[in-house]
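Engineer: The chain contents come next:
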Amino acid sequence: MATSIVASKRPFLSLPFLLPSWSDSLALGSRRYQSSYRRTKQRLRVKPDATFGSSHQGHDQIIYNPPSSAPSVYHTPSKFLPSNDARRSMRIENAGNATESVQDLPNVYRSDPERKYHLTPADVEEIRKLRLSDPMTWSRHKLAKRFECSPLFIAMVCEASPEKKQIQRQVLEAVQSQWGSKRRMAREDRKLRREAWGRDE
Amino acid sequence: MKRVQLQRWSSTVLSPRARTVSRLHQHVFATGSRCQSTASPLQAESSAQEGPGDAGFEDVELMKHVRSAHRRKDMLKYPSPPVDAALNSAKLAALHARLYLPSRLPPQTLARALVDASADPNPDFNNESLATLGHDLLTYYTTEHLLCTYPRLPLTVIFAAMYAYAGPKTLAAMAREWGVEHASLPGGEVDPGLLQFRRVAPGSDLSVATYNNRTPRPYAAQKAWRMTVTSKIFYDDEFGDAIKGPATSGEGVTAELASATFVRAVMGAIYLHAGRPAAKRFFEQHFLSRHLNIAQLFNFSQPARDLARLCARENFELPVARIISETGRKSRHPVFVVGIFSGKDKLGEGAGASLIEARERAALAALKGWYLYSPLNVRVPSSMEEEGAAPWKPVYVDLGEVIV
Numbered sequence: 001m002a003t004s005i006v007a008s009k010r011p012f013l014s015l016p017f018l019l020p021s022w023s024d025s026l027a028l029g030s031r032r033y034q035s036s037y038r039r040t041k042q043r044l045r046v047k048p049d050a051t052f053g054s055s056h057q058g059h060d061q062i063i064y065n066p067p068s069s070a071p072s073v074y075h076t077p078s079k080f081l082p083s084n085d086a087r088r089s090m091r092i093e094n095a096g097n098a099t100e101s102v103q104d105l106p107n108v109y110r111s112d113p114e115r116k117y118h119l120t121p122a123d124v125e126e127i128r129k130l131r132l133s134d135p136m137t138w139s140r141h142k143l144a145k146r147f148e149c150s151p152l153f154i155a156m157v158c159e160a161s162p163e164k165k166q167i168q169r170q171v172l173e174a175v176q177s178q179w180g181s182k183r184r185m186a187r188e189d190r191k192l193r194r195e196a197w198g199r200d201e
Numbered sequence: 001m002k003r004v005q006l007q008r009w010s011s012t013v014l015s016p017r018a019r020t021v022s023r024l025h026q027h028v029f030a031t032g033s034r035c036q037s038t039a040s041p042l043q044a045e046s047s048a049q050e051g052p053g054d055a056g057f058e059d060v061e062l063m064k065h066v067r068s069a070h071r072r073k074d075m076l077k078y079p080s081p082p083v084d085a086a087l088n089s090a091k092l093a094a095l096h097a098r099l100y101l102p103s104r105l106p107p108q109t110l111a112r113a114l115v116d117a118s119a120d121p122n123p124d125f126n127n128e129s130l131a132t133l134g135h136d137l138l139t140y141y142t143t144e145h146l147l148c149t150y151p152r153l154p155l156t157v158i159f160a161a162m163y164a165y166a167g168p169k170t171l172a173a174m175a176r177e178w179g180v181e182h183a184s185l186p187g188g189e190v191d192p193g194l195l196q197f198r199r200v201a202p203g204s205d206l207s208v209a210t211y212n213n214r215t216p217r218p219y220a221a222q223k224a225w226r227m228t229v230t231s232k233i234f235y236d237d238e239f240g241d242a243i244k245g246p247a248t249s250g251e252g253v254t255a256e257l258a259s260a261t262f263v264r265a266v267m268g269a270i271y272l273h274a275g276r277p278a279a280k281r282f283f284e285q286h287f288l289s290r291h292l293n294i295a296q297l298f299n300f301s302q303p304a305r306d307l308a309r310l311c312a313r314e315n316f317e318l319p320v321a322r323i324i325s326e327t328g329r330k331s332r333h334p335v336f337v338v339g340i341f342s343g344k345d346k347l348g349e350g351a352g353a354s355l356i357e358a359r360e361r362a363a364l365a366a367l368k369g370w371y372l373y374s375p376l377n378v379r380v381p382s383s384m385e386e387e388g389a390a391p392w393k394p395v396y397v398d399l400g401e402v403i404v
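So the sequence lines, in the order shown, correspond to chains A and B.
If you're matching positions, the first sequence starts at 1 in UniProt numbering and goes up one per residue.
If you're matching positions, the second sequence starts at 1 in UniProt numbering and goes up one per residue.
Worth flagging that the hints you see were computed from the coordinates, not collected in a lab.
These numbers come from a predicted model, not from an experiment.
Treat each hint with caution, since some may be false.
What the hints assert, rightly or not - Simulated pairs of lysine to aspartate or glutamate, EDC-like, Cα-Cα distance not exceeding 16 Å:
#  : chain 1 : residue 1 : chain 2 : residue 2
1  : A       : Lys-191   : B       : Glu-357
2  : B       : Lys-244   : B       : Glu-128
3  : B       : Lys-280   : B       : Asp-136
4  : B       : Lys-344   : B       : Glu-386
5  : A       : Lys-129   : A       : Glu-114
6  : A       : Lys-79    : B       : Glu-128
7  : B       : Lys-344   : A       : Asp-85
8  : A       : Lys-145   : A       : Glu-126
9  : A       : Lys-41    : A       : Asp-60
10 : A       : Lys-116   : A       : Asp-85
11 : A       : Lys-145   : A       : Glu-163
12 : A       : Lys-79    : B       : Asp-236
13 : A       : Lys-79    : B       : Glu-357
14 : A       : Lys-145   : A       : Glu-114
15 : B       : Lys-223   : B       : Asp-236
16 : B       : Lys-393   : A       : Glu-201
17 : A       : Lys-129   : A       : Asp-104
18 : B       : Lys-169   : B       : Glu-251
As the list claims (entries may be wrong) - In silico negatives: residues of chain B with every beta carbon more than 12 Å from chain A:
#  : residue
19 : Arg-98
20 : Phe-234
21 : Glu-314
22 : Lys-346
23 : Gly-352
24 : Ala-362
25 : Gly-369
26 : Leu-376
Using N, Cα and C, we set each Cβ at its ideal position, and we do this for glycine too.
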């Protein structure tokens, strides 16, 4: 049985993990000959990529394999160049087909936040009144939902009362006092990592 | 070498009744040779009044010894080495040659550049005036280089870059690289090739204002008040720090500050003796040649917001973050590559372990791309001082940084 397998020279048999489990009993994998070494070696001879070959022998060509790294910050984007800079006109020609597919790229956020600009000064007054009158009910997010704007906008037009801020601080302290050392360190590390983004580290 | 010399001076000149002299005495009495007179001007002050030309000495070599001993004694009268000692100092000549200083700069001036104001308060013999000139030249050349090469840099980055190019820490490192050694104590008898300054007394608190505060800023005593970056242009020095007056006499300076003053004084001395082109060349060879990665000086807290403000100011389309590529979204170590696009133009690209991080990094790269713009063929205003310079074309001046 073993001799017939070797004699057949079917290439996938040189790789023992391709064999079904019954072949374990034959102890094929335990024997290594010069021929099996040669076959294994043969499998590793991968044909090089077409760009490395000499298929375009008639004319000269430039192979450009860009490295997988972020572009240098010293390379100013064409949009940021002043209008009288010579590099601006030089770059526009070769940037033609690369920008076509920009609209096809997926957005980082699910949907674009559409800007409605629908709130009137009277609405803003009402937001302030509601937030001052009952800060526990009318939180930022509830106000944002009611007036169909972002919580950031609510924070821009009004501020919570000092009592509400004090209560919120106490709630936060109560929650944080329950944290163990692991969670606390993880939170601190997260904050440090976030600060490192700004320094580009 | 330095220590050995100092020990010799102090034992023979500073304390005439030192152990070596008394041993010499015993030797003199034991043998009765002419060595006796060698020690005579050293062991007693009264014998110094007789002068070296006394008839009692016949030997020429002996006369030389006596004269040199008297000269050493004269040296002690001054707080810094005499001017003619500069010609005999090997250290000074070596420093002159090592820095490849122009031959028009005499070693006497280099020796003066090595004497700090804390060592010799006489302004005719210390390096204060040279250092003032050199400091102005250094900061002028650095500023014009930075402003013309990177016209869009924010002011805080300019302050940091100025400090990196011409700040006291850099200058002290340069003095160390030049091989300038410090004298333990300043005095007329030390080698003029050593940097001489009076050190700060050990244990003194440097954080306390030892320098008389000369800042013109109103309400400078209110430490808690916010200082705007713009006010630093008016009230503070070129590094954005409060202006300090010169140290009061009798107090020491740190080795860092003394070394920085020396480097500035060398710059001023080159300008005075060899002229503007030599000073400019010296600046380019020793200061501009140092590598500074300006992109590392930035620190943003909210780059995405700043970029949106920038695009609104410059009438570009609103920046949109789009995923260029990603891998392993559901794995423990995902990588997202996000690009920030304004219309069809890519402004920046960043990679991160989360979408938020990648977006922040991309916005940061876009902002740096804006701030680190550098025009082609940069010329600085001082290049017009060269002979046969091309007519001046105005440099690019930017609106200023993004203010949110």
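Engineer: Now look at each hint and say whether the structure bears it out.
Structural biologist: Status of the hints after comparison with the structure:
| no. | hint | result |
| --- | --- | --- |
| 1 | A:Lys-191 / B:Glu-357 | 12 Å, holds |
| 2 | B:Lys-244 / B:Glu-128 | 15 Å, holds |
| 3 | B:Lys-280 / B:Asp-136 | 13 Å, holds |
| 4 | B:Lys-344 / B:Glu-386 | 45 Å, violated |
| 5 | A:Lys-129 / A:Glu-114 | 26 Å, violated |
| 6 | A:Lys-79 / B:Glu-128 | 49 Å, violated |
| 7 | B:Lys-344 / A:Asp-85 | 20 Å, violated |
| 8 | A:Lys-145 / A:Glu-126 | 14 Å, holds |
| 9 | A:Lys-41 / A:Asp-60 | 34 Å, violated |
| 10 | A:Lys-116 / A:Asp-85 | 37 Å, violated |
| 11 | A:Lys-145 / A:Glu-163 | 23 Å, violated |
| 12 | A:Lys-79 / B:Asp-236 | 36 Å, violated |
| 13 | A:Lys-79 / B:Glu-357 | 24 Å, violated |
| 14 | A:Lys-145 / A:Glu-114 | 15 Å, holds |
| 15 | B:Lys-223 / B:Asp-236 | 15 Å, holds |
| 16 | B:Lys-393 / A:Glu-201 | 38 Å, violated |
| 17 | A:Lys-129 / A:Asp-104 | 44 Å, violated |
| 18 | B:Lys-169 / B:Glu-251 | 21 Å, violated |
| 19 | Arg-98 | 34 Å, holds |
| 20 | Phe-234 | 28 Å, holds |
| 21 | Glu-314 | 8 Å, violated |
| 22 | Lys-346 | 7 Å, violated |
| 23 | Gly-352 | 8 Å, violated |
| 24 | Ala-362 | 9 Å, violated |
| 25 | Gly-369 | 5 Å, violated |
| 26 | Leu-376 | 6 Å, violated |
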